[in-house]
Each structure stands twice: as C-alpha cells, then as structure tokens.
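Trainee: Assemble chains L, Y and A onto chain V, guided by the hints.
The residues making up each chain are set out below.
Number of protein chains: 4
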Amino acid sequence: MKAGTMLQVGIVGYGYWGPNLVRNFAELARCRVAAIADLDEGKLALAQRRFPSVRTSTDVNDLINDPTIDVIVIATPVRTHFKLAMAALKADKHVWLEKPMTETVAEARQLVDEAERRGKTLHVDHTFVYTGAVQKMGELIARGDLGDVLYYDSVRVNLGLFQHDVNVISDLAVHDFSILAYLLNQHPVAVSAAGVNHFPGTPENLAYITLFYDSGIIAHTSVNWLAPVKVRQVLVGGSKKMMIYDDLQNSEKLKVYDKGVSFTDDPKQIHQMRVGYRTGDMWAPATNETEALRTEGEHFLDCILEGKTSLTDGQLGLKVVEIIEAATASMQNRGRTIQIKNLEIIS
Amino acid sequence: MKAGTMLQVGIVGYGYWGPNLVRNFAELARCRVAAIADLDEGKLALAQRRFPSVRTSTDVNDLINDPTIDVIVIATPVRTHFKLAMAALKADKHVWLEKPMTETVAEARQLVDEAERRGKTLHVDHTFVYTGAVQKMGELIARGDLGDVLYYDSVRVNLGLFQHDVNVISDLAVHDFSILAYLLNQHPVAVSAAGVNHFPGTPENLAYITLFYDSGIIAHTSVNWLAPVKVRQVLVGGSKKMMIYDDLQNSEKLKVYDKGVSFTDDPKQIHQMRVGYRTGDMWAPATNETEALRTEGEHFLDCILEGKTSLTDGQLGLKVVEIIEAATASMQNRGRTIQIKNLEIIS
Amino acid sequence: MKAGTMLQVGIVGYGYWGPNLVRNFAELARCRVAAIADLDEGKLALAQRRFPSVRTSTDVNDLINDPTIDVIVIATPVRTHFKLAMAALKADKHVWLEKPMTETVAEARQLVDEAERRGKTLHVDHTFVYTGAVQKMGELIARGDLGDVLYYDSVRVNLGLFQHDVNVISDLAVHDFSILAYLLNQHPVAVSAAGVNHFPGTPENLAYITLFYDSGIIAHTSVNWLAPVKVRQVLVGGSKKMMIYDDLQNSEKLKVYDKGVSFTDDPKQIHQMRVGYRTGDMWAPATNETEALRTEGEHFLDCILEGKTSLTDGQLGLKVVEIIEAATASMQNRGRTIQIKNLEIIS
Amino acid sequence: MKAGTMLQVGIVGYGYWGPNLVRNFAELARCRVAAIADLDEGKLALAQRRFPSVRTSTDVNDLINDPTIDVIVIATPVRTHFKLAMAALKADKHVWLEKPMTETVAEARQLVDEAERRGKTLHVDHTFVYTGAVQKMGELIARGDLGDVLYYDSVRVNLGLFQHDVNVISDLAVHDFSILAYLLNQHPVAVSAAGVNHFPGTPENLAYITLFYDSGIIAHTSVNWLAPVKVRQVLVGGSKKMMIYDDLQNSEKLKVYDKGVSFTDDPKQIHQMRVGYRTGDMWAPATNETEALRTEGEHFLDCILEGKTSLTDGQLGLKVVEIIEAATASMQNRGRTIQIKNLEIIS
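Residue numbers (the working numbering), protein chains in the order written: chain V, 1 to 347; chain L, 1 to 347; chain Y, 1 to 347; chain A, 1 to 347.
This is chain V alone, in the form it adopts within the complex (with noise of 0.2 Å):
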C-alpha cells in the first residue's frame, strides 16, 4: 500500500476499551474510522453520538464484507478473538487485536501463519509496550547500562474489575509478559505458578507467576484482583545498575540506581564476607508523555503503509499466548514446574 493512503478503518467492540480505540484513530491523520460494529445498540447509540460521521452496525460482517475497509480492529472478548481475526484476515484485512492474542496457542498460532501467507499485519495490542517508562527501560537495556539483567520483578494488584471469562493472568500478568518479551528478547523456558479462586464459580483472581530463562535471568510477577490499595511496580536488576518503574506516578515513574554489589577474589578473605556495595546516584530520565495509544496507534500505521514490523507482532502475541496457557496450566496444578516450549510437565 502506497503512502499517502488513507486507511479506512473498522473498529469491533464498543465495550470497555473500545472508546479509547476509537478516539485514538480517529486522531491519526493517516486513517479514518468508517465504522462501528458491536452488539450492543445502546452502546452503538453512543458511538454515534460522539461520531456523528461513523457508520455503526450489529453485524460484524458489515465491515469485514466491505471492501473499502483496510484494517479491522477487534476489542471483543478473548474467546472471540480467532474467529473474527481469522475471519478478517480472509477477508484481505489489515489487523489489530486485543490481548491476549487468542485463548490457545494453536489459535494464535494459525492467526500468524494466515496473516504471514497473506502479506498482512497483524498487530497485538500489548499496550504497556510503547509506553514512555518501558520503551526507555528497553533502551537502557540494550545499550547495556544494566550489565547483565539478573530479574524481573512485577507487581500489579488492586481491587480490581472481577472478569468472568479470563483469570487474572490473563488480564494483568499479561502486561509482564508482553514487556519481557519486549525488553529481553528471550522466551522463558518454564514456568511455576501457583494461584487461587477465592470465589466458586470464579476464574482464578490471585496468582504467583515465576518464568525461568535459560539465561540464568528469573521474573516473577504476583497479580490480585483482591487488594486493598491499587500498585503497578517493576523491579529490573542488574549487574551494574538497577531500575523501579512505578506507573502509577504522576512523575518519575522510572528511577534508575547507580547501586549494586561486587565479590572480591582475594584469597585472605575468604573465610569472610567477601562481597562489597556499591551506592551510588540515583537517576529518573524524563520519559516520552505521549499517550502510549497514540504511540502505537503511528506504529501500527507505520507497519501498515512503510512495511514495519510490529513490536508487538502476532509472533509476540503468540509467546504471550504460551507463557499464559504454561502459567495457567501450572497454577491450576500448585507450581507444578510446567516447560514452556512443548508444554511437558519437568518434574
């Protein structure tokens, strides 16, 4: 597709994220949003109101049978999500997908073949990735101010939206998995996880998440539904330097530590402690402010119209999609160590 074009867009889903979505591209100058699917008529009347010039229909077909529509974007509930991308895929579309990408691997896995065959992108909407705090994190990362990255280490509770068709990895441990694919650029090799439903009926709304790599790195994530007060923060050590990223602050979210330790080898002291500490600076960059929809939204334009890959291609979105099937798999087991790649039990 030539640039200059400008792309029609159909957006599926005005449930919860939906008017986000909507509102973002409807702000990007290379795109337009022509119409509005969703099942719900109260909400398309609200779509309408604030769009006046968007088409809006019940049926989802309207925009995958139009021609004149580029790129479909679904914000549906997961369990939906194989069918309609596929769907659009056939239908020659260009595709942005909520996360997580699908609710098997094997779904993700035709998803990324389909679009591969087809010449389109596939886009996973792993948000926190081009946020202004994880894109820096990632920049310090791979030019090394870190040293060795040695863990990962996330927490994200609050007393959050009970969701009745995924568990809580699905909805918020997610986000870690995303960003370690991101920052690493590695894929853990096992998983133990270990979590609870503390209401019958319920998807598991608590877990413990810990993802081992071959690297020797260990990320850990706990996640609840269930918590007195709302946090959202990422430990990152390394050899040389370690880094907080809070994202609930209005400022600093990211603060960097000149801080670590270092062994001595002298033989004298071998018998003693032989391990020094290091306190340095502490350093918070001014991070990009950018709502990171936006950021991703001219990423994903980018990919469309110049030929990029996505940061978070369905190649992406399917790993998240294994860690989350191994992670769920072992939880639903009490930490049974589960290997990632084939899903065998180690132990």
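Simulated from the structure, these hints should not be mistaken for laboratory data. Treat the hints with caution; some may be incorrect.
Stated by the list, open to error - Here are a few chain L residues that sit away from chain V, every Cβ distance over 10 Å (derived from the structure):
(1) Asn24
(2) Gly132
(3) Gln135
(4) Thr210
(5) Asp247
(6) Thr287
(7) Glu291
(8) Thr295
(9) Asp313
(10) Lys341
Said to hold, decoys possible - BS3-like cross-link-like pairs, simulated, lysine-lysine; straight-line CA separation at most 25 Å:
(11) Lys230(L) to Lys230(A)
(12) Lys136(Y) to Lys255(L)
(13) Lys136(A) to Lys255(V)
(14) Lys136(L) to Lys136(A)
Note that the structure is a prediction, hence the values are computed from the model and not measured. Even glycine gets a Cβ: it sits at the ideal position worked out from N, Cα and C.
Mentor: Quick look at chains L, Y and A alone, frame taken from chain V:
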C-alpha cells in the same frame, strides 16, 4: 522457679545481634546479665567497656557449666545453634535461641524434646511476632474483624548483607513464616519456591515462596538481597476487611481497609458480572511502640517465672524450620511442589 | 421558576475550562446547553464537532439577548467578568461565574446587589467547595469532631502555567479563601502577604499569605508556580483532632488524626513541662467521589429551581475578592498587614 | 596550639542533647572527654555509668576553672548560654555553644568580640549545616548548577515537644536561618512573621516567617509544634534547576530537578503566553551519610588545632540571633515588616 527471683543470664555471641540482646536484658528488672561469651576477644573488650560489671569469656563452657547461671541466650551462627542449645538444656538452663532455630528439622525436634523432658523454657527469637503491629494484626484476626483470612502476601527486599552461611529464605522469609504461624495458627501443607544465587559460590539471594494451607489460604513472600530500595510490606486479605503492614513507616505502620467484594446469586445476573465492590473507610489503629525486643524479653521472663508458654516456643520454631527446609528443597528444584509434613514431593 | 422546567443554558468562553462546563451541563437532566459563544472561531468549530446540536456564536450578545436562554455561564478572562455578568443579570438571566468573581471588590458588590434586586441566582464557581473531601471536612468541623479549629495551613505549588493577567494569589490561593469561607463561616480581619515575580513584566508567581481571624484562628497558604513538584495539601489543626487533605492522592485524600496535646494545671509541675501528648488512631473516611463539577451543577440547578441559596453565592465570592485584594496590596508592600473590611493599613 | 595535642574537653549539660555530644566527642581521636557538669545528680550518675572514666560535677566552675581543660561545650538552656560562654572564654577556653547562640543580639556580639580578642574558637552548633545533604546543596549552588537562586521554602512541622523557654522560631526555624546563611552567604534585610500560641502562657507554637534579601531572593519557613505528621522539607528554586531536600527520607534525601521556565521575547507572541516549560531528568546525588555531629566535631577540632574558621562561627551564630530577634518582634506585631540590621520597623 519462684517469682521475685533475679535470674542470672549468660549471653553467647556478641556480634551483630548480641549487643541488642545484652542492652535489653540489662534493662529488664527481673534478671541480670552475668556473663558474655564470644570467640573474638576484640568483641569481648567492647562488651566489657560498655558493661564493666559483666564477666566475659572466650569459652562458652564457662557459662554453660556455671551453676549460678539460669538462662543461656544464644546469638551465634545457625550451624552452632543445635550443639550449644543442647548443651545448655542438658546443663538445665532455660534457652533463648536466635532464629532460625536450627539447620535441620531433626535437630529442632531433639531440642523440643529435651526442653520438654527437663521442663525448661525453650524460646526462639522470632522478634517480629512481638512488634506492636503484628500483635495488633493478631488481635484483629482473632476477634474476626477481617472475616476469613484469604491470603497473606509479603515483600522483603533491600540491598542486603549477603550472608555466607544461610540463604535469603533463612534470613528474610523466616520472618513471614513465624508471623504466619502466630497469626493463623495453621501449618502449611505444601510449598513451592523459586530462587537463584546470582553470584557463584554464594547462597540464594532472591526467592519467591508460596505456601498452601488446607483451609484454602495462600501465602506468598518475595525476598531479595539485591534490590535497589528497601521494602518491608505485608498484605492480608480477608473476606470482610483487608490490611497492610508497612514496617518502614515511622507511624501508621498498620492500615485496615473496609474494602472487599460481594457476590450476588441473582439468577437474572448469571451471565453478567456478579461481583459488587465495597469501598469504605481506612483506619490506622495506634499500635504499641515499645521496642519488640523489650516486649519479648518480658514475655520470656514470664515464661520462666510464671510458667507461661512462649508465643514463639520450640514448637513454633520447629515448624518454621520445617517450612525453611521444604522451601529450600523446592527452590533447588525449580519450584517443584513439596509437601511439608513428611517432605515428600507431590508432583 | 417551577420545577420540571428544562433550563436553557448559554455558555460564554470555550477555552481551558469551558469544555468541562459544557460537558457537565450537557449531562445534567434539568437543563440543556443551548448555545456557546467564544471570540475564537476555531474553538467554536471544535465545540460544534463535539456537540453538533448546540448553537455557536462569536457574539456574546446573541446569548444574552436571547429570551429563551435562562442561564448564562461565564468562563472568560477575569477582566471581562464584571461587564458580562452585569449584562446577563440585567437581561434577567441566572449567572454562573468563574472564579475569581471580579477584579475588584466594588465590582463584586455591584453584581451582588443587582442579582438580589432581580431575584436571580448569582453563583461563583469555587469548585473545590464541592469536592467530596472538602464536604467531608465541613461535616467533621460542623459536628465538632475537631473541637475548636486552631489553624489552617495549605500548600499549593507546581511548575504551573504562568498566567499573564492574574497573579498566583488569584490563581491558586483563591481556592483556600473559598474553602476557608465554607469551612469556618468566619471572615478574616487582617492579612499579611509576601510574594515576588521572578520574571520582569509578569504577575507574582510565588506568594505566602497569612490570614488573621478575630476568633484567634490563623490561616496560611503557600502558592508557587515555580516548584519542581506538585503539592496540594491542607492541614487543619483542632483542639481535639487534626486532619490532612491531600488532593493528589488517588484514594484516602482525607486523613483524620486523633492526636493532640493536653495541658496539666498541676501546680507541682509548674516549673516542668506541662504538656502531654495524645497519639491515637488515624482514620481516612470514605469520601464522595462524584466529580465536583457535577455536584456543583446539580446544586446550582437546585438554587434556581428550588430557591436554595448557593454555597458559593455572590456574597461568598465577594468575600474572596476582598481577601485577594487585601492580600495583593499587602504583598506589594512586603508583608505590611492590611485590615480586610475597609482595606486600611494597620501598622 | 600545636597539632598532635590531645585536647581536654569539658561538657556542660547532660540533658536531651548532651549525651549525643559526649558520645561524639568520646569517639574523636584528637580529644578526650575529661569532665561533665550538670545540676542534676541523677543525670550525672547516668553519665558516670556509661562513661566510667569521665569526671562529673554539679558545679560548672569545676570545669571552667580547671587549667587542664581546653574546650568547654555548652548544652544548657539558652538563657544560660551567655553567662557560661563568657566565663569559659574569659578562662581562655575554646567554646562550643548550642543553638541558638544567645537570647539577644547584644549578648551574641559580646561573645564574638571576646572570642576574637582572646583568639579562641567560638563555634555554634548549627548541626544541619554539617549534614551530607546540606553540604551537597551548598556545593551545587556554589558551582552554579542551580543558576541564580530564586527562593528557599521550608516546612518543619510535627507534634513536637512544647518548649517552655523558647518559641517555635528558636526551636525549628533556627535551622533554616543557619542553612540559609551557609548556602547563600547573604544576610536578609527584612523579615515578616506571623505566629500564635494556642495555649495561654506558653511560647508561640506555630509561625510563618518570610525573609527578604536585597538580591531579590525570598525565603520562607513554616514551623509548627502542633501538626499531626512530621515534615522536614526544603525547596530551593533556581533559574536553571530546582532541588528538594527531604530530611525524613531514608535514602535520596536530596533531589535535583532539571525543570524550569524560559521566556520568549518574540514580539509576535506578545499577547500570548510567553513562558515555556522545560521538564528534564531528576537526579538524586549520593550524599555523605556520616553522622552530622561527627563531621562537625572533626571540623571544630580542625578550627582549634589547624586555625581554620568554623563554618558556623560566632559571626554566623550572631546573624541567626538577629533574624530570630527580628522575626519574633514581627510575629508579636501580626506580621509587621522589620528591618533586620538596626531592627527598625519599616512600615
């Protein structure tokens, strides 16, 4: 032993924690620090300067064999705990033992048996149990304010002193194990732990431990000697209320939240969200600000002089060692779930 | 005007605050936004796009002279307030006026008189008075929980938008003046203020204002457009309890401390310290989280339709202008104390 | 006095601060605590127990008249400072005097003259000047990192010990007066202060003080013994950078912000906002964590033994007393502006 007696105390070990013990025992009305033993003459000289009237010795047997000494306080490396405590008990002394009680469950069990056989007080110094905040937490749980306890979630991280004889579980998670034993009066049935040592030849410096209870309670603790900031925070979720204990706050260490969820059974809502949220007041009760070690010292003397049972007696200390042993075994097997009672591997 | 009527609202000024006003009035059930006026056609185009059914005009007289319009909402620069509000009142409209009410006390007094003569509602938009936290503070003071109020101490600093027509007192301290009028139901008798403009040709960007009350209460506010961090914090000290209102907290904005001092009259202690401290619980009451502007809008309609008196009517707005005028005069004389009522210089 | 000499120190007053002084002087290599005087025999007994080799006396003259004593350290109530310090100087001792130096400017001036006449070191214990954070602040200002200093804004509040002989200005604001003298190397020309005593017969427990400098700098401090929380926070605004010093933080006490405003002179923008904002990185430099009193003690010995001039000598102490005297006078006249040099009333 009849009330009114002035107990004679011998303290073994004048390293990191010993001076705090001497200072506190010196201030208690019902006892007197008679002697201090340490292998290091420099440390003894220091002790002598601060407490000119106390006898010092490099030979612990000078204390254990002294018939005028009633109590032996042991603040030495953990690998020496069993031998010293057993010798003291066999010499018919009451024993105060630093945490963790022993290196192995088997040793702990022998000490408990010996103390019981001889009718001596065997007390393990799990200091946190005696803080005003933990005491208040126990009170609130006991009188039902929280409803059913659902989870316990703790974070203890800092740029810590790397220990060379014990791992981070024995150093930091041990606090949670004793607090849990005190608060819940239940013993976990299984544990899954993950951890790493980032520096060859040193014990694990980072670990994540999940404890499973038959009642359905789940407990988790994150411990880390390699974090850029210090955190000491515990969340406890209950069916009625939730609480946060932040030990680093100068005031309002404990906050109780009147927050939670409630479920409807309305069949009409069966396909919708059935969860309601309750967001009420927060309350930070005043807590006893007496130094925990002082409170604990008085309690220890009550046990000896008035026949009370220590809140952190050998039985509790033994259970803590069981959890440490199981957690360490799980950690060394990448999270393999370990049953606690008989240390079998579940999966 | 009888209840049930649908009031027709005309809004003048669609700059920084205007869009918030339009959005809120548009959502109120008992009124309808009929027209928007602004000198800037670009802004009107923006308004038109968001609210296609609203009439727009660059001439404010189109609204003031329209007999179908019942209410004029004025969100223009303060130097235009008097003229526009007076014209609206003379056209027998109810008036909602942004803060500060007018540039001078004399103007404010004329508006109050005109509104009274015509039986129209004259409401000044001191939004903070309608926040859940300030309402709760008012409730606690009114029912005597704090005992006698002893002091009010506020800090409002940030790296702010430098205003070019008003100083930092009119921009930030004005919030404290209205909150104080609401909470205390007293008028200060004197003011001493200090301030500077750090950049030639601009209004004062930093000021410290102390208000003196006949009851002995002292109130102080620090306001600053040139601070590296944002602070919005109010302390209120009472003889029984004290409270802190931190508007930047996401939750627990208001905290009530059961702390204080008590004095002994024991003659034996006359040469010693006679003050005792009381340190009790802290309590963060749940507060109404409705958007303040929504609460205020409903209250304004109650005033018009049900004859209520506005909590922030012209009388309160006038008192706030008196304080601004006196404080600015004091500031321009390096803290010279100014009596408020008749603006005489005391010293 | 030649280097290498072991100075003999006599310490007068073993109340609140005295024990800290004894402990610190006892640890300095170049001096020896020879004697302690206090009127209270109980306190002397306490001192004797902790420091068995130190001579004690209830008569201060035993120290002042002892020819072997080189240094007199005075930590008694402020009303006794002048008499004791003058006696010590006349006995040819070097003097360390607690803050504030004296009750009156006249007394301070006499002490400065006497010390100069006799060539003795007269040092005032403004401890804060010797903290790592204040030293770092001084360094950053001196090397121009902040650009021109524009303002200094301090808050020191807590539920404090009500003093019965001095007001809250002498107790808390005194810290700011000494820090300002150290950082700015300028003397304020005028002061305006407001304050109250909420309890009859006690000194003022709450005060707001504004200092005016000829350079245009404005300094302000809020001090309060009746606040529900403890705050110790200083903001310093510069034309290039700004900084915050929070003394209650365990780490990162000092933060430097690369934030500010810049003005355009573009005539086309004359009717618009001409201010631009710069929001860059934040940086928390590592600061010296040595106990301030230790640093100060070494510096004091350098002054005596190496002829250095104390950073907080009698001249600085005198200037602080001038500000206290003027601020107290202003406070007792409801903020009346007072010129500092000759204590005339300006307005």
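Trainee: Now tell me, hint by hint, if it's right for this structure.
Mentor: Quick rundown of the hints versus the structure:
| no. | hint | in the structure |
| --- | --- | --- |
| 1 | Asn24 | holds, 26 Å |
| 2 | Gly132 | holds, 20 Å |
| 3 | Gln135 | holds, 20 Å |
| 4 | Thr210 | violated, 4 Å |
| 5 | Asp247 | holds, 16 Å |
| 6 | Thr287 | holds, 18 Å |
| 7 | Glu291 | holds, 27 Å |
| 8 | Thr295 | holds, 27 Å |
| 9 | Asp313 | holds, 30 Å |
| 10 | Lys341 | holds, 15 Å |
| 11 | Lys230(L) to Lys230(A) | holds, 21 Å |
| 12 | Lys136(Y) to Lys255(L) | holds, 20 Å |
| 13 | Lys136(A) to Lys255(V) | holds, 20 Å |
| 14 | Lys136(L) to Lys136(A) | violated, 42 Å |
Hints 4 and 14 from the earlier list are contradicted by this structure; the remaining hints agree with it.
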